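**Student:** I would like the entire structure built from these sequences, with the hints used as guidance.
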Amino acid sequence: RTRSSRACGALAVLCGGGVVEWRRRPAGGYDRLAERGYDRRVDALLEREGELAALQAAVVAARGGRGSVVLVGGEAGIGKTSLLRALRAETTIAFLVGRCEPLSVPVPLGPLRELADAAGAPGLAELDRDDRFALARALRGALCAHGAAVAVVEDAHWADPATLDVLRLLARRAEDVPVILVITYRDDELAGNPPLAMLVGDLATDPVVARIALRRLSAAGVRALAGERADVGELLRITGEIGRASCRERV
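The opening residue of the sequence shown carries number 1 in the numbering used here; numbering runs sequentially from there.
To be clear, the hints were calculated from the coordinates, so they are not data collected in a lab.
Remember, predicted model here, so these are calculated numbers, not experimental data.
Backbone N, C-alpha and C define an ideal beta-carbon position, used for all residues, glycine too.
Treat the hints loosely; a few may be bogus.
[Stated by the list, open to error] Simulated restraints, written as ranges between beta carbons of each label pair:
| no. | residue 1 | residue 2 | range |
| --- | --- | --- | --- |
| 1 | 46 | 128 | 43 to 49 Å |
| 2 | 192 | 218 | 24 to 30 Å |
| 3 | 46 | 130 | 42 to 48 Å |
| 4 | 128 | 89 | 34 to 40 Å |
| 5 | 120 | 176 | 17 to 23 Å |
| 6 | 215 | 141 | 32 to 38 Å |
**Tutor:** Set out below in structure tokens:
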């Protein structure tokens, strides 16, 4: 195999579970191609038992009427989506997803519109008004209209300011409704995203907020996914080089 193909495989191994596809860009680096369908089967989820247990505990609490917020942070490809796929596979309550997109100009309230649509309230009038408090109340009601639910806002590092405002309001009153609000983001990009960093910092001390920081797999975890014959040292070295190159690209 070429060095590039080995690197692609290494990145998939280190993501922490699930199948991820990559391609090489002309200028260097790698793009994620796989669609993030949460209904896809997770073949292997290693070294995430504690994180999955924390999410499962939040589901149990939501079934009992007590909501919460879970902040899931980690670098690109670390396995945030795979962790949530595993949660969805094991829960029977509603699982609603709204995604932020890497647009040059983010669509205002884009992920919240997706959540409202998934909750069966696509025409939520408050989405077209400037009253953030009214929107938070209306969305909260829509999310739990049919009972306990998991509401995911994915890739909050791409969120517009209005979305972050509403997420703050939803989080502050999360305990009042049987909804688990899960917010995923790239924690290595917080320094360059002051609005998101402020939101995460403000919420981190709230007793209804749990913060999960995903880390790369250990050498043992990589070996378990890649196979006993894999050169784990080489895999770690290659992915380390790619990670450093990715950081330089962002700078």
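**Student:** So, for every hint listed, does it hold in this structure?
**Tutor:** Status of each hint after checking the structure:
1. Distance hint for residue 46 and residue 128: a CB-CB separation of about 44 Å, consistent with the stated range 43 to 49 Å.
2. Checked against the given bound of 24 to 30 Å, the beta carbons of residue 192 and residue 218, roughly 28 Å apart, stay inside it.
3. Restraint check, residue 46 to residue 130: a C-beta distance of roughly 46 Å satisfies the suggested window 42 to 48 Å.
4. Between residue 128 and residue 89 the CB atoms are about 35 Å apart, so this pair conforms to the stated range of 34 to 40 Å.
5. For residue 120 paired with residue 176, a C-beta distance near 20 Å keeps the hint of 17 to 23 Å intact.
6. Judged by the Cβ atoms, the range 32 to 38 Å given for residue 215 and residue 141 holds: they are separated by roughly 37 Å.
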